[in-house]
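Enquirer: Sequence:
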Amino acid sequence: MVNARLVFELEKQGCIPPLQSGFRRGRSTFDNIVYLETQIRNAFERRNHLVSIFFDVEKAYDRTWRHGILRKLYNLGFKGNLPLFIKSEVLNHLPPSVTGTLYVDDLKISCQGCNMRLIERQLQNAINKIVSWCDENEHTLSAEKSKCVHFCRKRDFHADPILSIRNDTIPIVDEILFLGVIFDRKLTFLPHILQLRKKCEKSLNILKVLSCTSWGADRTSLLRIYQAVILSRIDYGCFVYGSARSSALGRLDTVHHSALRICSGAFRTSPVESLYTICHQLPLHLRRKKLSMQYYFRALSLPQHPISHMTLPTALRRIYNARPSHILPFCERAKSIIQDSELNFPDIQTVDFQIFPPWNIPQFSFINPFSGFDESKTSPVIYQQLFSFHRYRYSSYRPIFTDDSKAVGHVGCRIIFDADISSFRLHTSFSILTAELVAIFYALQKISLSTQRQFCIYTDSMSSLETLCHPHFQMHPVAMEILGLLQTLQHGVFSILFCWIPSHVGIIGNEQITVQRQLFLSCTVKSLTVT
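The sequence shown begins at 126 in my numbering and counts up by one.
Rather than coming from a laboratory, the hints here were simulated on the basis of the structure.
Glycine included, C-beta positions come from ideal geometry on N, C-alpha and C.
It is possible that some hints are incorrect.
To be verified - When the alpha-carbon atoms are kept at most 25 Å apart in a straight line, the in silico DSS-like pairs for lysine-lysine are as follows:
#1 Lys531 <-> Lys571
#2 Lys324 <-> Lys414
#3 Lys272 <-> Lys311
#4 Lys333 <-> Lys270
#5 Lys254 <-> Lys272
#6 Lys254 <-> Lys270
#7 Lys323 <-> Lys460
#8 Lys414 <-> Lys311
#9 Lys311 <-> Lys323
#10 Lys311 <-> Lys324
#11 Lys333 <-> Lys272
#12 Lys415 <-> Lys324
#13 Lys311 <-> Lys270
#14 Lys323 <-> Lys333
#15 Lys323 <-> Lys279
Unchecked claim - Cβ pair distances, simulated, as ranges:
#16 Asp499 <-> His595: 51 to 57 Å
#17 Ser588 <-> Gly341: 36 to 42 Å
#18 Lys327 <-> Ser628: 52 to 58 Å
#19 Ala440 <-> Thr576: 35 to 41 Å
#20 Ala440 <-> Thr553: 34 to 40 Å
#21 Gly390 <-> Pro449: 41 to 47 Å
#22 Arg349 <-> Glu263: 45 to 51 Å
#23 Ala447 <-> Pro408: 29 to 35 Å
#24 Gln570 <-> Ser490: 19 to 25 Å
#25 Phe598 <-> Ser461: 27 to 33 Å
#26 Ser504 <-> Arg349: 40 to 46 Å
Make the full structure from the sequences, and use the hints.
Expert: See below:
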């Protein structure tokens, strides 16, 4: 409870810098991995050196200084004994020419340029500042376990930088394991792919043992084991190492095909296209594109996400255009996938995780006057009588009916507010749940403009009402907007009820709104964002 409240205030006040990704909602290790890959790609394109230092903090958790924690919290305006260590403060001590990312205690700093001696001086200055910060907070950096990688594709002779922590030289390595992905100095990702294939081939033995024809598991169970044990490893960071050359990525295709043959019991000569169809699996190159789009859209939905602000400068974009054989950074590759797909993607709905403080989470409930009645065994007349009695009890509440529809080529929603019927066409990618939530949101917007104070919103979507009953930070973004607006209206002396009604049983308002489905193709198109 204390941690949730403190993190909420830290995020709300902007105390945590955007390049700190550990233990934050909507953030992951992929953020730092993609950020590093983008830095390396851009440095290669500028014909620059990029030197990165990966620090190892000795016993970071055991040596946490409690007094220093409380002092920092006190300086930020927090009073009391709140045990949380704000490690992200170390990023504020870096020089402007040095960038850094942090995931829990995995600290990385980088500097790029064409002059190696200048890079060396800038990084050594940053190291000295980090060491001073560690001394103040009783932390220790290990020079032996810390590593330095010189990312460069220049063929002429150039010396590696000489960097040290308290006169102990930081070793220079050709590759580094950073948050689960191996980065080599030329960014080929071949060492990562080779190690990944080696691990996956060992895990294939599990499937071979379980696929015995006399007592082994069935296809469904084997596929679940494959997805959990092997495919999850292949998926991790695939949209970053997926930029490797196709001959290197083909080494993983053989593992994928072997696993599908074991799970399905197919012959070794079976076509891979048939394996994909039988096992309901995508080829790895399509799966990488799918996961890339999911991560890219998720990053765009967070306004403060560093990936959403990664745009190429005009000069650098011209260099990439002049060299079409060179590999683009992740964000540009994602945009190319969107272009090549020729799909009409909608705008992305932004997500605000700080819309509700932990101590004021809204409570949502709805009325169900038809509970206990089986729709398949109950006459429509009984439903109509139950609804009439319900309206008699809540006669002082003005009714608002909402509905949604989804057919080939269009999705929409409608609202009946007294005699006024409002219809909206939505993006064709919207689900039925999203369309119904949008209708409820528009109904609340109409209520906010009304002079009356008592309303009852009727919907035949039980899933939307159940979604609103369980608020959490991963819920539907439109549902979060609904709860936020509902909370505002309730504070403004509005009394708003929600009621579920069955569809197609002759309830007047619901039947009237259903008739409007035929008029959808001629109604106003409303542009909406989506997640």
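Enquirer: Against this structure, judge whether each hint is valid.
Expert: Evaluation of the provided hints:
no., hint, in the structure
1, Lys531 <-> Lys571, "holds, 23 Å"
2, Lys324 <-> Lys414, "holds, 23 Å"
3, Lys272 <-> Lys311, "holds, 16 Å"
4, Lys333 <-> Lys270, "violated, 38 Å"
5, Lys254 <-> Lys272, "holds, 18 Å"
6, Lys254 <-> Lys270, "holds, 19 Å"
7, Lys323 <-> Lys460, "violated, 32 Å"
8, Lys414 <-> Lys311, "holds, 23 Å"
9, Lys311 <-> Lys323, "holds, 21 Å"
10, Lys311 <-> Lys324, "holds, 23 Å"
11, Lys333 <-> Lys272, "violated, 39 Å"
12, Lys415 <-> Lys324, "holds, 23 Å"
13, Lys311 <-> Lys270, "holds, 22 Å"
14, Lys323 <-> Lys333, "holds, 16 Å"
15, Lys323 <-> Lys279, "violated, 30 Å"
16, Asp499 <-> His595: 51 to 57 Å, "violated, 25 Å"
17, Ser588 <-> Gly341: 36 to 42 Å, "holds, 38 Å"
18, Lys327 <-> Ser628: 52 to 58 Å, "holds, 54 Å"
19, Ala440 <-> Thr576: 35 to 41 Å, "violated, 57 Å"
20, Ala440 <-> Thr553: 34 to 40 Å, "holds, 38 Å"
21, Gly390 <-> Pro449: 41 to 47 Å, "holds, 44 Å"
22, Arg349 <-> Glu263: 45 to 51 Å, "holds, 47 Å"
23, Ala447 <-> Pro408: 29 to 35 Å, "holds, 32 Å"
24, Gln570 <-> Ser490: 19 to 25 Å, "holds, 21 Å"
25, Phe598 <-> Ser461: 27 to 33 Å, "holds, 32 Å"
26, Ser504 <-> Arg349: 40 to 46 Å, "holds, 44 Å"
Hint violations for this structure: numbers 4, 7, 11, 15, 16, 19, all remaining hints satisfied.
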